[in-house]
Amino acid sequence: MASKKTININLKIWRQKNAKEKGSMETYKLDNVSTDSSFLEMLDQLNEQLVNERKEPVAFDHDCREGICGMCSLYINGRAHGPDTGITTCQLHMRMFNDGDTIYVEPWRSKAFPVIKDLVVDRSAFDRIQQAGGFVSVNTSGRTIDANATPVPKTDADKAFEAAACIGCGACVATCKNGSAMLFVGAKVSQYALLPQGRVEATERVLNMVRQMDEEGFGNCTNTGACEIECPKGISLENIARMNREYLKASLK
Amino acid sequence: MAQSALLKSSIAKKYWMALTGLFLCLFLAGHLAGNLQLIFGDALQFNQYALFMTSNPAVKLLSYLTYFSILFHAVDGILLTIQNKKARPIGYAKSNPAANSGFASRNMAVLGTLILVFIVTHMVNFWAKMHFDKKMPVYATTVEMMGQKQDLYVTTSGTYIPVTQVAKDSKEAEEIGAQLYIDHGKDFYNTQAKIKVGEGYKDLHKITFDFFKSKAKLFGAIPNEGLVFTILYVLCMGVLAFHLWHGFQSAFQSLGINNKFTPAIKTFGKLFAVIVPILFAIIPLYIHFVK
Numbered sequence: 001m002a003s004k005k006t007i008n009i010n011l012k013i014w015r016q017k018n019a020k021e022k023g024s025m026e027t028y029k030l031d032n033v034s035t036d037s038s039f040l041e042m043l044d045q046l047n048e049q050l051v052n053e054r055k056e057p058v059a060f061d062h063d064c065r066e067g068i069c070g071m072c073s074l075y076i077n078g079r080a081h082g083p084d085t086g087i088t089t090c091q092l093h094m095r096m097f098n099d100g101d102t103i104y105v106e107p108w109r110s111k112a113f114p115v116i117k118d119l120v121v122d123r124s125a126f127d128r129i130q131q132a133g134g135f136v137s138v139n140t141s142g143r144t145i146d147a148n149a150t151p152v153p154k155t156d157a158d159k160a161f162e163a164a165a166c167i168g169c170g171a172c173v174a175t176c177k178n179g180s181a182m183l184f185v186g187a188k189v190s191q192y193a194l195l196p197q198g199r200v201e202a203t204e205r206v207l208n209m210v211r212q213m214d215e216e217g218f219g220n221c222t223n224t225g226a227c228e229i230e231c232p233k234g235i236s237l238e239n240i241a242r243m244n245r246e247y248l249k250a251s252l253k
Numbered sequence: 001m002a003q004s005a006l007l008k009s010s011i012a013k014k015y016w017m018a019l020t021g022l023f024l025c026l027f028l029a030g031h032l033a034g035n036l037q038l039i040f041g042d043a044l045q046f047n048q049y050a051l052f053m054t055s056n057p058a059v060k061l062l063s064y065l066t067y068f069s070i071l072f073h074a075v076d077g078i079l080l081t082i083q084n085k086k087a088r089p090i091g092y093a094k095s096n097p098a099a100n101s102g103f104a105s106r107n108m109a110v111l112g113t114l115i116l117v118f119i120v121t122h123m124v125n126f127w128a129k130m131h132f133d134k135k136m137p138v139y140a141t142t143v144e145m146m147g148q149k150q151d152l153y154v155t156t157s158g159t160y161i162p163v164t165q166v167a168k169d170s171k172e173a174e175e176i177g178a179q180l181y182i183d184h185g186k187d188f189y190n191t192q193a194k195i196k197v198g199e200g201y202k203d204l205h206k207i208t209f210d211f212f213k214s215k216a217k218l219f220g221a222i223p224n225e226g227l228v229f230t231i232l233y234v235l236c237m238g239v240l241a242f243h244l245w246h247g248f249q250s251a252f253q254s255l256g257i258n259n260k261f262t263p264a265i266k267t268f269g270k271l272f273a274v275i276v277p278i279l280f281a282i283i284p285l286y287i288h289f290v291k
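In the order they appear, the protein sequences are chains A and B.
Under the UniProt record's numbering, the residue at position 99 of the first sequence is numbered 99, and the numbers go up by one with no gaps.
Under the UniProt record's numbering, the residue at position 124 of the second sequence is numbered 124, and the numbers go up by one with no gaps.
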């Protein structure tokens with residue numbers, strides 16, 4: 001059915017033994033890469049080659065490989081999740097590249113995302129931001145309220161859902177020239193701020209999450225809009241504006 | 001709340017950047033309206049306006065707010081830039097920023113620094129002269145009386161004093177026996193009584209025209225410095241246009257305004273970013289090439 005097209009590529013990959021040691025870009029040649037394979041499958045193929053050569057395989061994050069877990073990352077040819085929009089790296093296919101191409105593969109670069117090994121970075125800064133306020137306190141023992149008993153306007157529900165689509169992959173931080181996490185935090189603040197259940201803790205939430213974000217060492221948003229374009233889930237800049245509004249409201253309380 | 005930190009947090013810094021930036025946009029509009037009198041008004045009108053701008057208490061208050069905004073905008077911008085640089089200690093080997101963001105939005109700090117340098121030189125060339133130069137020329141008009149041309153100083157009370165009756169300073173007044181002399185760069189004093197009898201207009205109009213029409217050599221080497229100043233001024237307005245192109249609409253996003261009005265705000269911001277610098281730039285071009 002599909003034409004069996006293969007390409008030969010050159011890879012420039014960031015190799016770093018561990019968090020402490022200095023890394024560098026290493027060059028690899030990989031032949032017979034099917035254009036139907038995903039970018040991660042291509043890396044699997046490279047690792048097989050490296051293992052056969054008794055070399056250390058390249059460490060990279062991946063999990064679901066269907067674009068919903070937020071685990072895969074990679075800064076490919078100067079762009080987060082590679083040269084396409086609205087996708088994660090596992091959804092990037094080798095048909096986006098040409099025979100003979102040199103492909104740069106780097107980890108997310110952020111002070112708050114230190115490299116653990118090769119292309120794997122520690123994104124627990126996002127977890128700590130979530131823990132600072134990205135939740136709704138619900139008592140689950142005994143008489144809980146049926147979710148459908150609380151009316152939510154359809155437009156608000158839709159916007160909250162769009163914000164909740166964030167998978168926390170960190171592409172926004174990686175692509176932002178300032179290493180800012182405001183699209184992530186904006187999305188997390190918004191998904192609750194838009195719903196009546198979330199309003200109860202809205203004031204504390206935005207203050208705590210922004211404080212944690214600042215403590216983690218993320219940069220400041222300068223509204224370049226790069227994050228919105230590179231976000232695999234199309235999270236809108238509106239969410240950053242909403243966070244800014246929420247923060248102002250909360251600060252004046 | 002105690003933890004609000006309306007000065008220190010990342011988002012608060014953005015509010016201040018936006019508020020001072022938008023205030024400076026208002027200032028630009030006002031400053032432009034004043035400057036356009038160099039094209040559409042006469043010298044007396046412009047000098048009267050300059051006196052008003054340096055003496056009216058309400059304008060004074062606004063001017064202090066403007067100085068504060070420029071300084072705060074610059075300092076805040078420097079702090080933000082330092083933090084942002086720290087947020088990515090190791091850069092990318094290959095980066096393709098043009099794929100997802102505009103030139104202006106990525107270079108606000110560089111553009112802003114250039115504008116700050118421009119503002120400093122601009123203030124040295126005009127603002128400082130108007131405020132502190134004791135040797136500012138005093139505005140005089142030329143009238144024809146009975147077939148003879150005569151230069152007359154115009155006082156703020158609307159009377160005229162022949163230039164020939166006024167000495168440059170008290171020393172010269174005593175030497176040549178003039179009735180009046182000029183002090184403080186604008187006040188007319190009676191030579192004998194040493195009391196102020198009137199006030200002239202500092203000739204900022206002449207300063208501006210001389211600046212952009214000067215044929216002198218810049219640093220004693222580059223000929224026709226007026227042309228150099230004109231070109232530099234126009235280039236600086238180009239830099240300003242890029243800064244405003246991103247800055248105007250960005251300020252609204254920082255203040256949390258992203259709604260149904262946003263497309264209109266963006267359009268207005270881009271028009272503002274293009275039209276205001278062009279109108280500013282036309283003035284020195286007109287002075288150098290037309291007048």
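No lab work stands behind these hints: they were computed from the structure.
Incorrect hints may appear among the rest.
[As the list claims (entries may be wrong)] Calculated lysine-lysine pairs in the DSSO-like style (CA-CA distance at most 30 Å, straight line):
1. B:Lys13 <-> A:Lys253
2. B:Lys135 <-> B:Lys13
3. A:Lys249 <-> B:Lys86
4. B:Lys206 <-> B:Lys217
[Said to hold, decoys possible] With beta-carbon atoms standing in for the labels, derived distance ranges:
5. A:Gln130 <-> B:Leu79: 25 to 31 Å
6. B:Leu271 <-> A:Asp63: 45 to 51 Å
7. A:Glu215 <-> B:Thr113: 52 to 58 Å
8. A:Lys12 <-> B:Ile278: 40 to 46 Å
9. A:Glu21 <-> B:Phe219: 20 to 26 Å
10. B:Lys86 <-> A:Val136: 31 to 37 Å
11. A:Glu41 <-> B:Thr113: 42 to 48 Å
12. B:Gly41 <-> A:Ala165: 32 to 38 Å
13. B:Ala98 <-> A:Gln130: 31 to 37 Å
14. B:Leu19 <-> A:Pro153: 40 to 46 Å
Even glycine gets a Cβ: it sits at the ideal position worked out from N, Cα and C.
Hint check results:
1. Distance check on the hinted pair: lysine 13 of chain B and lysine 253 of chain A sit about 18 Å apart at the alpha-carbon level, within 30 Å; holds.
2. Taking the CA atoms of lysine 135 of chain B and lysine 13 of chain B, the gap is about 43 Å. The hint is violated against a cut of 30 Å.
3. As the CA atoms of lysine 249 of chain A and lysine 86 of chain B are separated by approximately 29 Å, the hinted pair is consistent with the 30 Å bound.
4. For the hint linking lysine 206 of chain B to lysine 217 of chain B, the alpha-carbon distance of about 19 Å falls within 30 Å, and the restraint holds.
5. Checked against the given bound of 25 to 31 Å, the beta carbons of glutamine 130 of chain A and leucine 79 of chain B, roughly 27 Å apart, stay inside it.
6. A C-beta distance of roughly 48 Å is found between leucine 271 of chain B and aspartate 63 of chain A, which places it inside the suggested range of 45 to 51 Å.
7. The hinted window of 52 to 58 Å between glutamate 215 of chain A and threonine 113 of chain B is violated, with their beta carbons roughly 29 Å apart.
8. Hint check: lysine 12 of chain A to isoleucine 278 of chain B, Cβ distance near 45 Å, so the stated range 40 to 46 Å holds.
9. Checked against the hint of 20 to 26 Å, the pair glutamate 21 of chain A and phenylalanine 219 of chain B fails, with Cβ atoms roughly 53 Å apart.
10. Remark: the range hint 31 to 37 Å for lysine 86 of chain B to valine 136 of chain A is upheld by a beta-carbon distance near 33 Å.
11. Checking the proposed 42 to 48 Å range against glutamate 41 of chain A and threonine 113 of chain B shows it holds: the Cβ atoms sit about 46 Å from each other.
12. Evaluation of the 32 to 38 Å hint for glycine 41 of chain B and alanine 165 of chain A yields a failure: the beta carbon distance comes to about 58 Å.
13. For the hinted restraint 31 to 37 Å between alanine 98 of chain B and glutamine 130 of chain A, the CB-CB distance of approximately 33 Å keeps it satisfied.
14. Between leucine 19 of chain B and proline 153 of chain A the C-beta distance comes to about 31 Å, which lies outside the given range of 40 to 46 Å.
Checked against the numbered hints listed earlier, the structure breaks hints 2, 7, 9, 12, 14; every other hint is satisfied.
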